[in-house]
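There are 2 protein chains.
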Amino acid sequence: MFSNPVLDPGAGVWFSMRPMQLIDGKAVSARVLEECKGQVDELVNKGCRPGLAVVLVGDDAASRAYIRSKERACNELGIHSVKLELPVETAQEELLAAIASLNVDADIDGILVQSPTPGHIDEGAVVRTIDPAKDVDGFHPENVAKLVLEDPGGFIPCTPLGCQRLLGDYGINTKGAHVVIVGRSMIVGKPMAMLMMAKGMLGDATVTVAHSRTVDLPAVCRSADILIAAVGRPEFIGSEHIKEGAVVIDVGINRVKDEGAKRGYRLVGDVNFDAVSERCKAITPVPGGVGPMTIAMLMSNTVKACRQRRGSGAGD
Amino acid sequence: MFSNPVLDPGAGVWFSMRPMQLIDGKAVSARVLEECKGQVDELVNKGCRPGLAVVLVGDDAASRAYIRSKERACNELGIHSVKLELPVETAQEELLAAIASLNVDADIDGILVQSPTPGHIDEGAVVRTIDPAKDVDGFHPENVAKLVLEDPGGFIPCTPLGCQRLLGDYGINTKGAHVVIVGRSMIVGKPMAMLMMAKGMLGDATVTVAHSRTVDLPAVCRSADILIAAVGRPEFIGSEHIKEGAVVIDVGINRVKDEGAKRGYRLVGDVNFDAVSERCKAITPVPGGVGPMTIAMLMSNTVKACRQRRGSGAGD
Chain Y
43 MFSNPVLDPG
53 AGVWFSMRPM
63 QLIDGKAVSA
73 RVLEECKGQV
83 DELVNKGCRP
93 GLAVVLVGDD
103 AASRAYIRSK
113 ERACNELGIH
123 SVKLELPVET
133 AQEELLAAIA
143 SLNVDADIDG
153 ILVQSPTPGH
163 IDEGAVVRTI
173 DPAKDVDGFH
183 PENVAKLVLE
193 DPGGFIPCTP
203 LGCQRLLGDY
213 GINTKGAHVV
223 IVGRSMIVGK
233 PMAMLMMAKG
243 MLGDATVTVA
253 HSRTVDLPAV
263 CRSADILIAA
273 VGRPEFIGSE
283 HIKEGAVVID
293 VGINRVKDEG
303 AKRGYRLVGD
313 VNFDAVSERC
323 KAITPVPGGV
333 GPMTIAMLMS
343 NTVKACRQRR
353 GSGAGD
Chain V
43 MFSNPVLDPG
53 AGVWFSMRPM
63 QLIDGKAVSA
73 RVLEECKGQV
83 DELVNKGCRP
93 GLAVVLVGDD
103 AASRAYIRSK
113 ERACNELGIH
123 SVKLELPVET
133 AQEELLAAIA
143 SLNVDADIDG
153 ILVQSPTPGH
163 IDEGAVVRTI
173 DPAKDVDGFH
183 PENVAKLVLE
193 DPGGFIPCTP
203 LGCQRLLGDY
213 GINTKGAHVV
223 IVGRSMIVGK
233 PMAMLMMAKG
243 MLGDATVTVA
253 HSRTVDLPAV
263 CRSADILIAA
273 VGRPEFIGSE
283 HIKEGAVVID
293 VGINRVKDEG
303 AKRGYRLVGD
313 VNFDAVSERC
323 KAITPVPGGV
333 GPMTIAMLMS
343 NTVKACRQRR
353 GSGAGD
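Going down the list, the sequences are from chains Y and V. Taking my numbering, the leading residue of the first sequence gets 43, the next gets one more, and so forth. Taking my numbering, the leading residue of the second sequence gets 43, the next gets one more, and so forth.
These are calculated hints, taken from the structure and not from any lab test. Check the hints yourself; a few may be wrong.
Because identical chains cannot be distinguished in the list, a pair is counted as satisfied if it fits within a single copy or across any two copies.
[As the list claims (entries may be wrong)] Under the rule of at most 30 Å between Cα atoms (straight-line distance), these lysine-lysine pairs were calculated in the DSBU-like manner:
(1) LYS217 - LYS125
(2) LYS241 - LYS88
(3) LYS217 - LYS88
(4) LYS285 - LYS241
(5) LYS285 - LYS125
(6) LYS88 - LYS299
(7) LYS304 - LYS88
(8) LYS217 - LYS304
(9) LYS217 - LYS241
(10) LYS285 - LYS217
(11) LYS125 - LYS68
(12) LYS79 - LYS299
(13) LYS88 - LYS125
Construct all of the structure, not just a fragment, from the sequences and the given hints.
Below you can see the structure in the form of structure tokens.
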């Protein structure tokens, strides 16, 4: 009913009656973190403090910033946080050995190796070395398969899981809806597709995965009830990609030069927010949309890992 | 150019210039088996005869028929074939123990447990017990993950692999094409989606997975350049699901009662062949389409397993 502009008979001009809804990732992530906090408290009362180890190889500035946010979130929730910083020249075997010792560390429930790693490191080998029971990023093949097989015991990558939670918390129905995902990466596009097509309340969608090879991408995107943009190209999705009344989830976090900004850049999504927000029913902003959800779901996965590893007595 | 009916100026009536092409699964499967035969001969010359073990629990008539076809294919190619028939009351542990001994049997490269198994058997546990290196059905979680991760060393389920081969052999371009898959099973729908969206010559498609929850399925199907039907409902897909000039792959094999037929039934696909073949550019028949490809790809996977297990000296 809110999907079309209507004529205002008084003013004689077109305007939109539709109140575009901003999907507030900060608010939802705060709710997720609040839930996690309760679960951590319960676990701690039972003598189990969840632990997360973050491994950084090299000194990429953006990676450092991400890691700081993760550390901060752990501290706020009372999750035991370990940061392992390795020099950029660390050999692959040393990194794998470090992971192996975290695998057997009883105080550590989650292990995350910050991406990207230096070029001489085989990220696939790194992921396969992490104990799947501690793979809170959800990238280990065992967890990839669990997602496809709809096994609830696995870990789902944090970003798609966060997108799903946003949809759920805003009461956006996915059942039977046409979800178009732009991007087919292992980190977002593919797991997002699996989540959305899985049976159940927050799935059951008709799912299309589009990408750089897609012919007439705007037309494919315009068939979406829910459009999820994960292409990594600043403001790539414009109003020509949007069906009136669609829901838009913007996964992109891109730095674009901005002389006027304090840091010399500003963050924009994969979606041209101003153009798209005119047409859509609901949209996530950047920043403040999917971004905060990713860290919140990492915390949630860490709590889940702790519960699963330390037995049903721990917090369930 | 062949996608629309044109006016015949002489006759003044509409007719179709488009020659509908039958996608001949028997012919393509014969070619695949021919290739396999060459590879088996090479392997045998090097002292390695590929071996396939098929396990049947109970005495389902259809399963017996499938197994006979598999055995026959093995015999024709010179693949060592082992059939293990277990009574319907076989306990799960006995079945798992039988698989475990096939896992360590050096003469066996591929292991397949015929589905469906009796109700007391946990099929997930069965699949996880099979050595992934011998999992020629491609259902083990490790192989599921390899397909998602686009790792060419894994085994891809035979039916979707056969569909892809049919498209390839008929020169049907998937790159950028819109492939709509109806059905989201682990055996066909999901692996088919992964294959079609993967990077490369026989992938790179824009992929939509539709299913029982899809709203306006005919409209979704009509957006397909390539429609793959895997719903398991006889003649469910009609002309209203087909865009003029689409390619249709019918995965269904359904028995419908037919008093006139010798066995009292006939086989039909998920597609209403007569109605759909009027509109489409190319279509697989049932029988004689996807069916024979499934067994051919099983042979191909068995040869691959043998080569991978017994080292690069064996046949490469």
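Cross-check of the supplied hints:
no. : hint            : in the structure
1   : LYS217 - LYS125 : neither (40 Å within a copy, 44 Å between copies)
2   : LYS241 - LYS88  : neither (34 Å within a copy, 48 Å between copies)
3   : LYS217 - LYS88  : neither (38 Å within a copy, 55 Å between copies)
4   : LYS285 - LYS241 : both (26 Å within a copy, 28 Å between copies)
5   : LYS285 - LYS125 : neither (45 Å within a copy, 56 Å between copies)
6   : LYS88 - LYS299  : neither (49 Å within a copy, 62 Å between copies)
7   : LYS304 - LYS88  : neither (46 Å within a copy, 69 Å between copies)
8   : LYS217 - LYS304 : neither (44 Å within a copy, 44 Å between copies)
9   : LYS217 - LYS241 : both (9 Å within a copy, 29 Å between copies)
10  : LYS285 - LYS217 : both (18 Å within a copy, 25 Å between copies)
11  : LYS125 - LYS68  : within (25 Å within a copy, 59 Å between copies)
12  : LYS79 - LYS299  : neither (37 Å within a copy, 60 Å between copies)
13  : LYS88 - LYS125  : within (25 Å within a copy, 53 Å between copies)
Checked against the numbered hints given earlier, the structure breaks hints 1, 2, 3, 5, 6, 7, 8, 12 and satisfies all the rest.
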